[in-house]
Structure formats: C-alpha cells, structure tokens
Amino acid sequence: KDELGRNSNETQHEVTLTRGYWLGKYEVTQAQYEAVMGTNPSYFKGADLPVENVNWFEALAFCEKLTAIAKAAGLLPEGYEYTLPTEAQWEYACRAGTTTAFNNGTNIETEEQIRGVCPNLDPVGWYDDNSNYTTTTHPVGQKQPNAWGLYDMHGNVEEWCLDWWGDYPASSVTDPTGPATGDYRMQRGGSCDGFTYAGMCRSAERSRGLPGSINEASCYTGFRVALAPLTKTKTKNMTIPLSEDVDLDMIWIEPGTFMMGSVSELGSNDDETWHDVTLTQGYWLGKYEVTQAQYQAIMGTNPSYIKGVDLPVEQVTWYDATNFCAKLTARERAAGRLPAGYEYTLPTEAQWEYACRAGTMTSLNSGMDLSNAEECPEMDKVGWYYYNSNDKTHPVGQKQPNNWGLYDMHGNVYEWCLDWYGDYPRSSVVDPTGPDTGDLRVLRGGGRGSRASGCRSAWRSSGISNSRYRINGFRVALAPVDLNITIPLSNSVELTMIWIE
Numbered sequence: 006k007d008e009l010g011r012n013s014n015e016t017q018h019e020v021t022l023t024r025g026y027w028l029g030k031y032e033v034t035q036a037q038y039e040a041v042m043g044t045n046p047s048y049f050k051g052a053d054l055p056v057e058n059v060n061w062f063e064a065l066a067f068c069e070k071l072t073a074i075a076k077a078a079g080l081l082p083e084g085y086e087y088t089l090p091t092e093a094q095w096e097y098a099c100r101a102g103t104t105t106a107f108n109n110g111t112n113i114e115t116e117e118q119i120r121g122v123c124p125n126l127d128p129v130g131w132y133d134d135n136s137n138y139t140t141t142t143h144p145v146g147q148k149q150p151n152a153w154g155l156y157d158m159h160g161n162v163e164e165w166c167l168d169w170w171g172d173y174p175a176s177s178v179t180d181p182t183g184p185a186t187g188d189y190r191m192q193r194g195g196s197c198d199g200f201t202y203a204g205m206c207r208s209a210e211r212s213r214g215l216p217g218s219i220n221e222a223s224c225y226t227g228f229r230v231a232l233a234p235l236t237k238t239k240t241k242n243m244t245i246p247l248s249e250d251v252d253l254d255m256i257w258i259e260p261g262t263f264m265m266g267s268v269s270e271l272g273s274n275d276d277e278t279w280h281d282v283t284l285t286q287g288y289w290l291g292k293y294e295v296t297q298a299q300y301q302a303i304m305g306t307n308p309s310y311i312k313g314v315d316l317p318v319e320q321v322t323w324y325d326a327t328n329f330c331a332k333l334t335a336r337e338r339a340a341g342r343l344p345a346g347y348e349y350t351l352p353t354e355a356q357w358e359y360a361c362r363a364g365t366m367t368s369l370n371s372g373m374d375l376s377n378a379e380e381c382p383e384m385d386k387v388g389w390y391y392y393n394s395n396d397k398t399h400p401v402g403q404k405q406p407n408n409w410g411l412y413d414m415h416g417n418v419y420e421w422c423l424d425w426y427g428d429y430p431r432s433s434v435v436d437p438t439g440p441d442t443g444d445l446r447v448l449r450g451g452g453r454g455s456r457a458s459g460c461r462s463a464w465r466s467s468g469i470s471n472s473r474y475r476i477n478g479f480r481v482a483l484a485p486v487d488l489n490i491t492i493p494l495s496n497s498v499e500l501t502m503i504w505i506e
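Residue numbers for the sequence shown follow this note's numbering, beginning at 6 and rising by one.
It should be emphasised that the hints constitute simulated quantities derived from the structure, not laboratory data.
Errors might be hidden in some of the hints.
Below, computed lysine-lysine pairings styled on BS3-like, alpha-carbon distance capped at 25 Å [said to hold, decoys possible]: (1) Lys241 x Lys148; (2) Lys397 x Lys386; (3) Lys30 x Lys76; (4) Lys241 x Lys332; (5) Lys397 x Lys332; (6) Lys70 x Lys241; (7) Lys404 x Lys312; (8) Lys312 x Lys397; (9) Lys312 x Lys332; (10) Lys148 x Lys50; (11) Lys76 x Lys397; (12) Lys241 x Lys404; (13) Lys241 x Lys76; (14) Lys404 x Lys386; (15) Lys50 x Lys30; (16) Lys70 x Lys50.
Using C-beta positions, here's what the derived DEER-type ranges look like [to be verified]: (17) Gly217 x Glu499: 28 to 36 Å; (18) Asp374 x Pro400: 22 to 30 Å; (19) Asn14 x Asp275: 51 to 59 Å; (20) Asp275 x Asp53: 55 to 63 Å; (21) Thr179 x Tyr392: 43 to 51 Å; (22) Glu499 x Thr141: 20 to 28 Å; (23) Ser248 x Thr179: 42 to 50 Å.
Ideal placement from N, C-alpha and C gives every residue a C-beta, glycine not left out.
Using the sequences and the accompanying hints, generate a full structural model.
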C-alpha cells in the first residue's frame with residue numbers, strides 16, 4: 006500500500022482463491038520448452054536458462070500440449086489442466102504469505118534503491134544492477150526460493166499471466182481472472198534486462214505486453230506454468246472399472262474446516278473431545294463401503310462370512326484393507342488412471358468424519374439427532390443397525406445418502422481408518438493423522454449389531470490391526486500423498502510443480 010516504488014495501478018484489495026493449484030518451481034527452461042514443443046526460440050541459448058522470446062499464445066500453446074502429454078501418460082490430476090497462472094494466482098504464490106515488497110520479507114529501504122543497488126533484492130532475484138547490465142539471462146534456481154519453494158519470482162525474465170490487463174477492483178473479490186477483454190496480457194515479476202530496476206521486480210509490480218506481437222516476445226519475456234482447476238466447479242466424481250461388470254464409484258470431497266467430535270449429545274463418550282479440524286486438501290472417498298464383488302476383483306478372494314456380491318466385504322483385517330488399497334493403487338497407476346500425487350488408501354479418522362458429516366453438526370448426517378440411544382426412527386432412514394438389520398449385513402446403497410452422496414456411513418459394517426487410536430487434541434489442528442504409534446486402529450460408523458448411539462457421526466471405536474471380525478469392513482479413499490509433482494518431459498528433462506494452498 007505505501008511501499009517505496011509502488012504505482013497507482015496497484016490498488017490494494019482482498020483476494021480469496023478457493024481452489025488449490027500447482028505452480029512451476031522454476032520458470033520454464035529452454036530444455037523443457039524444446040522437449041514439449043520441439044523448438045527453442047530463445048535469443049540467449051542455454052538448456053537451463055529460462056525460455057524467452059515467446060509470445061503469450063506460444064506460452065499457452067506449450068501449456069495445452071503439456072496437458073495432452075500428461076493426460077496420455079496418466080499424470081494429469083482429475084479436473085486440472087496446464088495453463089498460465091492468473092495474475093492473482095501468480096502474486097499469491099510469489100508472496101508466499103509475505104506482505105512486503107519482496108518475498109523474502111524485506112522492502113526497498115530508500116528512494117535511491119528503487120532504481121539503484123538494492124541489497125534486499127539481491128538474495129532472491131536477478132535485476133539490472135546485480136546482472137551488471139549484461140545482455141543475458143541466468144540459469145533458473147540460483148537465487149534463494151520463497152517460503153513455498155518457488156524460485157526466480159523476482160527478475161530474470163518477465164512471466165506471462167493468463168489475464169487481460171485492467172484496473173484492479175476496489176473491493177474484495179473471489180477467484181479473479183481479470184477483465185473479459187482487452188488489448189494487453191499481464192506480465193509479472195520483472196527481469197534482468199538493463200532497464201528493469203529493483204522497483205520493477207516487487208511482488209506487486211504489474212507489467213503488460215501485446216499477446217501476439219513478436220516485438221513483445223522479447224528476449225526477457227518467458228513464463229511459468231500452472232496446473233490449475235478447469236473450472237470453479239468441484240472436481241468430477243469418478244467411476245473406476247475393476248472388472249468387466251464391477252465398478253468402484255468415488256465421490257470428490259472438497260477441503261474445508263469442521264468441528265470434530267461431540268458436545269453432550271445423546272450417547273456421547275469422553276473420547277469425543279470437540280475440536281476444530283481443517284483439511285487443506287481435497288480427496289475422493291468411496292460412494293459405498295467396499296463390496297465383496299469389488300474385493301474379489303482386486304484381491305481374488307472373498308473372506309466374508311455373509312456372502313453376497315453387493316454386500317459389504319467383512320472379516321477383513323486392517324492389513325487386508327490397506328493391501329487392497331495398495332494393490333488398487335498399483336493397478337490404476339499401470340492403467341494410467343491414477344491422479345498425480347494421489348494414492349488409494351484408508352481415510353484418516355478426520356477425513357472419515359468430515360465426509361460422514363457432510364456439513365452437519367448433528368448426531369446423524371441426515372441433520373437429525375437421536376431421540377433414543379438404543380432404537381430410534383431417525384437411524385432407520387440412514388443406516389442398518391441392531392434394531393433393523395436382522396443381525397445381517399445388507400446390500401450397499403439402500404439407505405438415504407448424506408448431502409455429499411455417500412451411503413452407509415452409519416451402520417452396516419464398521420469401517421477401518423488409517424489412524425492409530427488415541428486421544429483427540431484439545432485445540433485446533435490441521436490435517437491430523439492421529440498418534441505416531443499405538444496398539445489399536447480406528448474403526449468408525451458402527452455396524453449391523455450396534456445400537457443407535459454407536460452409529461453416530463462422532464462415535465469412535467477401535468480394533469487390533471490383525472483382528473478379523475464379521476462386523477468390520479472398510480471404504481477406500483483416494484488421497485494426496487505428495488502434492489509436489491515432477492513430470493518427465495524427455496529422458497533427461499523434467500518439470501517440477503509446487504502445490505499452492
């Protein structure tokens with residue numbers, strides 16, 4: 006707002022980005038560009054130098070071709086595409102939580118430093134003064150990265166953004182993409198040419214270029230790729246073929262914050278300490294409990310006591326369940342259907358309860374509380390338990406789903422979770438995974454022999470990892486494991502993408 010070197014087009018305003026995305030760890034290099042496009046238009050040659058002399062259309066064409074390559078290789082996350090970052094995505098990632106002129110937490114300290122030597126910029130970027138006004142760019146990644154691991158956000162080459170150039174809004178905005186039309190496209194970050202001084206490399210500095218003119222595709226203009234959501238709508242649910250007549254339906258769960266546990270509801274226990282939980286990453290969760298047909302298709306066997314292809318598999322240990330997930334992961338990776346950075350696994354206890362509740366804070370995910378801890382009509386609508394199951398499991402999906410389309414989160418079979426069982430924290434937590442060690446694994450949801458209170462959203466149970474009971478089954482998650490991803494472009498060239506929350 007008041008930093009030295011600011012311009013009148015930098016109106017300070019609040020921006021909310023509702024979806025995470027990946028951003029290139031480095032500016033696209035000449036080796037990467039040539040691996041994808043088969044040519045190198047750069048004026049200054051060098052495999053590890055940023056590609057330059059590219060106009061906006063050429064940068065976008067690179068992104069489109071990379072999307073096709075990644076999709077064909079099974080490395081494209083569902084609902085995402087390679088593109089240029091929006092101006093808001095670029096600045097959010099550049100700042101990495103800072104509010105200063107540079108992303109190392111420093112500012113321009115004197116008027117002279119705006120156009121002269123600026124010691125605070127030297128550690129993080131190449132600009133006219135520390136490049137000695139030489140007519141060349143520099144290899145990517147030589148300067149200090151920001152707090153999120155991104156290099157060269159200040160200087161080296163200007164970076165194309167997706168937006169048309171235009172005035173900033175004067176009030177808060179969500180997921181902005183700039184004007185609908187315009188004459189110029191956005192450029193950000195500054196460069197190391199002999200006319201780009203420190204003030205032009207600030208996090209807030211805005212520049213622009215004609216998108217198609219060769220005069221604007223200068224030897225100091227390049228780009229950085231984003232891997233961003235296709236639209237602002239939620240990622241599509243998926244159906245995974247397991248055999249000729251058996252599929253696995255997965256429901257996308259948006260990240261968010263919820264209250265986990267309970268506060269003095271009917272049937273609550275001491276181990277349900279109410280606390281605030283934030284899940285920062287979206288994930289998929291099985292629409293149904295894993296059926297015997299699905300288990301047989303992956304594992305080649307069916308350990309269940311009560312037989313039926315559309316009944317939930319039971320008599321499985323925690324190890325059986327995790328082995329199913331590991332085998333499914335390997336199979337989907339080989340088939341090219343596994344989203345990059347994700348794997349099939351059991352849900353964490355927090356992921357399970359968040360998905361079960363689907364925005365509710367009541368005993369049941371229908372928005373209802375229990376009228377009785379033993380037998381109650383509220384439970385009949387959403388799950389199979391002691392008083393309506395006739396002491397047997399039932400085909401999945403016969404009861405009412407929750408708001409997010411998940412069935413049988415209450416009753417039928419207990420569901421293994423990934424975590425060791427342990428006490429809840431008493432304060433807010435982010436992406437919890439339970440204790441590091443333990444004797445028992447978490448089971449959730451209750452089963453066909455449970456009373457109503459034992460099927461509540463907050464109800465917790467546990468079991469020995471190698472125990473094999475007729476009441477225990479599971480539901481699969483497709484969850485992030487390492488959201489920073491590396492895409493092979495050729496035998497010797499890779500592209501590393503950093504996940505931005």
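Hints versus structure:
Among the hinted pairs, Lys241 with Lys148 is inconsistent with the structure: their alpha-carbon atoms are about 39 Å apart, more than 25 Å. Restraint check: the Cα-Cα separation between Lys397 and Lys386 comes to about 17 Å, which is no more than 25 Å; the hinted pair holds. Between the alpha carbons of Lys30 and Lys76 the distance comes to roughly 20 Å, so the proposed pair stays at or under 25 Å and holds. Simply put, Lys241 and Lys332 have alpha-carbon atoms about 23 Å apart, close enough for the 25 Å limit, and the pair holds.
Under the criterion of a C-alpha separation no larger than 25 Å, the hint pairing Lys397 with Lys332 is inconsistent with the structure, at around 28 Å. A distance of roughly 22 Å separates the Cα atoms of Lys70 and Lys241; the hinted pair therefore holds under the 25 Å criterion. About 20 Å separates the Cα atoms of Lys404 and Lys312, which keeps this hinted pair within 25 Å; it holds. Restraint check: the Cα-Cα separation between Lys312 and Lys397 comes to about 10 Å, which is no more than 25 Å; the hinted pair holds.
Of the supplied pair hints, the one linking Lys312 and Lys332 holds, its CA atoms being roughly 23 Å apart against a limit of 25 Å. The suggested pairing of Lys148 with Lys50 holds, with an alpha-carbon distance near 20 Å, which does not exceed 25 Å. Of the supplied pair hints, the one linking Lys76 and Lys397 is violated, its CA atoms being roughly 44 Å apart against a limit of 25 Å. Distance restraint check for Lys241 and Lys404: the Cα-Cα separation of roughly 23 Å lies within the 25 Å cut-off, and the hinted pair is therefore satisfied.
Of the pairs offered as hints, the one joining Lys241 and Lys76 holds, with about 16 Å between alpha carbons and a cut-off of 25 Å not exceeded. Of the pairs offered as hints, the one joining Lys404 and Lys386 holds, with about 6 Å between alpha carbons and a cut-off of 25 Å not exceeded. Only pairs whose Cα atoms come within 25 Å are accepted, and Lys50 paired with Lys30 is accepted, the gap being roughly 21 Å. Of the supplied pair hints, the one linking Lys70 and Lys50 holds, its CA atoms being roughly 23 Å apart against a limit of 25 Å.
For Gly217 and Glu499, the hinted distance range of 28 to 36 Å is satisfied, since their beta carbons lie about 30 Å from each other. Against the hinted window of 22 to 30 Å, the Cβ-Cβ separation of Asp374 and Pro400 comes to about 27 Å, which satisfies the hint. At about 58 Å, the CB distance of Asn14 to Asp275 agrees with the hint of 51 to 59 Å. As the Cβ distance of Asp275 to Asp53 is approximately 59 Å, the hint placing it in 55 to 63 Å holds.
For the pair Thr179 and Tyr392, the supplied restraint of 43 to 51 Å holds, since their beta-carbon distance comes to about 46 Å. A hinted range of 20 to 28 Å holds for the C-beta pair Glu499 and Thr141, which are about 24 Å apart. Taking the beta carbon of each, Ser248 and Thr179 are about 43 Å apart, inside 42 to 50 Å as hinted.
In this structure, the earlier hints numbered 1, 5 and 11 are contradicted, and the remaining ones agree with it.
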